[in-house]
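Peer 1: In case you want the letters, here they are:
2 protein chains.
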Amino acid sequence: MPASQPFSYDKLFAKNSQVSTRAPSRHAKYDFAVAYPDPDNLPLEGLVESLQTALEREGRDLAYYPEVNGLASLREWVAEKLARDRNMKLTADDVVLTAGSGEAISMVIQALTDPGDVCLTEEYVYLGTMRQMRRFGSEVVSVKCDDQGFISSDLRATLKKLTGQGKKVKYVYTIPSFQNPLGWSMSLPRRKELLTITKEYGVPVFEDDCYWDLRFEGEDVTSIHSLDETGQVVYCGSFSKILAPGMRLGYLVAPKGLLERALSFKAGGGVNQFAALAVDEYVRHHLHEHVDVQNEALIVKRDAMLAALGENFGGIAKWRVPKGGLYMWVTFPEGTDMAAMQETAFNEGVGYYNGSQFSPEGRGKNCIRLCFGHPDAKTNYDGVTELARIMERHGVMPAG
Amino acid sequence: MPASQPFSYDKLFAKNSQVSTRAPSRHAKYDFAVAYPDPDNLPLEGLVESLQTALEREGRDLAYYPEVNGLASLREWVAEKLARDRNMKLTADDVVLTAGSGEAISMVIQALTDPGDVCLTEEYVYLGTMRQMRRFGSEVVSVKCDDQGFISSDLRATLKKLTGQGKKVKYVYTIPSFQNPLGWSMSLPRRKELLTITKEYGVPVFEDDCYWDLRFEGEDVTSIHSLDETGQVVYCGSFSKILAPGMRLGYLVAPKGLLERALSFKAGGGVNQFAALAVDEYVRHHLHEHVDVQNEALIVKRDAMLAALGENFGGIAKWRVPKGGLYMWVTFPEGTDMAAMQETAFNEGVGYYNGSQFSPEGRGKNCIRLCFGHPDAKTNYDGVTELARIMERHGVMPAG
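The listed protein sequences correspond, in order, to chains F and B.
Those letters in the first sequence? Residues 5 to 404, by our numbering.
Those letters in the second sequence? Residues 5 to 404, by our numbering.
Extracted from the complex, chain F is given alone in its bound form (with noise of 0.2 Å):
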């Protein structure tokens, strides 16, 4: 019998587990820091009803656990809206629902990269994405941008480089529409040779459309995984920002021996049954609608941080008018340390995330990233006035 020790796990863990690092979010009174939709235009009463509607036609098979994939009918919808939208051939079985855009990224994740790989993203890159690219090991590699999208030859030398010095890339990831934290998207000669380079290198393209269908003005530019016949390009979306991220619903579009692997990781079993009926029922009558609601809603709120902007930052910083989507991008001089301001513009009200947090190389202290999308047009141009005046206190505000 071995001798008794106190109990401890640990040298129990397994290695590639870590601490979770995840902080509860904190909200500062203009809350620009991370992106909700508009709060005020919820579809709560039509997602009660559809739900409702659903429960009484199919209720009784919530008592059955719901396939891995999801839902049956809504990943129907999501194929024709995909076919509709973005011009993409595909069917049902195509598609695997998922708890978010998030879930949809950690099992791509997980199923092409192993630790060392590398990844490509743009300049400047949605969190999340990277947290979970980090998490599992992976290096992730950022590619000049311009308001194209990628800088071509900056990508095919990057490729270059990388796979000369003996490095597996394993895909390029891309928010071509709406990109966040950037805020332009990609044109469409830029999309074609994003995959015209990389299919010469056999790296996948991972097309993360979330924001597709926020667009307020300008004209659409077809998706990346429409230019494709051969498999290149994942595919994945949301229904967080159209809906509400609450609803955790998202879904996931790749080759079946891809998809294959990727529901391998995928633990839980099908996503949430009595999210799925209500968002099927609801999407099916109401989305186009809703959706137009609430675009007109954020050009509102947009607008009103533009005013902002103007009005304080006019010849000092430079921005991007958005044509959709929910992020501003605001480049103050070089040298204006963002970042530094970062906690003191929270605790004196205002939130925001600086460009450092988005850039795999920890460059961008001079920018910042400020959601338009969850505060009133009021709260929007009452928060950047705001954060002048901080900026003005503590010295920061670069001269004009």
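Careful, some of the hints might be misleading.
Copies of the same chain look alike in the list, so a pair counts if it fits in one copy or across any two.
[Unchecked claim] Calculated lysine to any residue pairs in the SDA-like style (CA-CA distance at most 25 Å, straight line):
{"hint": "1", "residue 1": "K165", "residue 2": "P259"}
{"hint": "2", "residue 1": "K19", "residue 2": "K172"}
{"hint": "3", "residue 1": "K19", "residue 2": "R135"}
{"hint": "4", "residue 1": "K171", "residue 2": "Q9"}
{"hint": "5", "residue 1": "K196", "residue 2": "Q9"}
{"hint": "6", "residue 1": "K260", "residue 2": "S156"}
{"hint": "7", "residue 1": "K196", "residue 2": "L166"}
{"hint": "8", "residue 1": "K382", "residue 2": "D65"}
{"hint": "9", "residue 1": "K85", "residue 2": "T95"}
{"hint": "10", "residue 1": "K164", "residue 2": "H294"}
{"hint": "11", "residue 1": "K15", "residue 2": "R138"}
Just so you know, the hints here were simulated from the structure itself, not pulled from any lab data.
Since this is a predicted model, take the numbers as computed values, not measurements.
Mind docking chain B on chain F? Use the hints.
Peer 2: Positioned in the frame of chain F, the structure of chain B alone reads:
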């Protein structure tokens, strides 16, 4: 520039990815294979009303991403329930909400096991757990049981032998209340012995208490968790069997250090907030009554199955009268090959799983598990009668 080849994922998959082997569910006319709750007693109206109430109060928060550990008020309710019902000392901070108990089990397995590590289980073990253990490379070893639970001398001998071989035993997994698939509950003395023996070896106990609420008769036995003062016991439960599997809600209770590691394997953020809000509101007002109604219905279903077993297999096979839960374990004489019969029986109308599917060592082809919770009483009666007819037809009915 590399030579251009047809695009393929074959060389891109991660080493620990697998092809997912989950087949779509199929249901026989008499469907005793998978454990589902009673579809006639799903609280659909109550859940919709509860959802409406909860959304009126806090629906705006659906615009936020749920915290990774899940809706705080439901975690509080779980902590109160477990303190009241299972004598556990805990707070809401010790609880993480998960997509059914399946996600909780997957997270614990990933946090505690590297490929080659050993997990101990009862002689026959829940399929979903065994699948996840093997998915992540664990060796699954069973310990002999009688209808009181683990036979303590075999547990001790197994631990001694495996540790003597230099193997790392990472935990003992048990379903102590109305065990799946065997149907018994572990006695209090055996629970204490389990803790004493595992403590000597520094091995945690993973207590899966999914069926505790489904008690029809007999005395309650306190949780293993409540008998331990050292943090050695990890605990999970589920709303699948007391509300509905389609709600995809369960919970994990573990010491902080383990919980933080387990969370690093949770993809897709906090559990579905839409479902959690409905359940949180529902269980506070209606769960007690709902469970009573459900158990009354289950008793009738159980008894109908028992009647048919007696009439058709009396003196031929053996079974326990389960005092709760959803499972009837029927043992035919040695040599009766119910594994070989299984597909035939399914095709002729009766679905069941045979013992070898639950045995880490593949034993028990002469045993079957019958789930009595989903079909109505008459169907249970007719289905067991039909099984006898099928066995007679194919010449596999043992002599009485």
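Peer 1: State for each hint whether it applies.
Peer 2: Hint check:
For the identical chains of this complex, K165 and P259 are neighbours neither inside a copy (28 Å) nor across copies (46 Å), given an alpha-carbon limit of 25 Å. In this homomeric assembly, K19 and K172 come within 25 Å of each other (Cα to Cα) both inside a single copy, at 22 Å, and across copies, at 13 Å. Within a single copy, K19 and R135 get their C-alpha atoms as close as 18 Å, and across copies as close as 21 Å, so both meet the 25 Å cut-off. Taking the closest pair of Cα atoms, K171 and Q9 come within 25 Å of each other only across two copies (19 Å); inside a single copy the shortest separation is 45 Å, beyond that limit.
With identical chains, the CA atoms of K196 and Q9 are at most 25 Å apart between copies only, with a shortest distance of 18 Å across copies and 63 Å within one. In this homomeric assembly, K260 and S156 never come within 25 Å of each other (Cα to Cα): the closest approach is 29 Å inside a single copy and 47 Å across copies. When the C-alpha separation of K196 and L166 is checked against a cutoff of 25 Å, the pair qualifies only within one copy, where the shortest distance is 22 Å, while the shortest distance between copies is 58 Å. In the homo-oligomer, the alpha carbons of K382 and D65 lie at most 25 Å apart only across protomers (20 Å), although the nearest pairing inside one protomer, at 46 Å, exceeds that limit.
Proximity of K85 and T95 under a CA criterion of 25 Å is satisfied intra-copy only: 11 Å inside one chain copy versus 44 Å between copies. With identical chains, the CA atoms of K164 and H294 are never at most 25 Å apart, being 45 Å at best within one copy and 64 Å at best between copies. Taking the shortest alpha-carbon separations for K15 and R138, both the intra-copy value of 24 Å and the inter-copy value of 21 Å come in at or below 25 Å.
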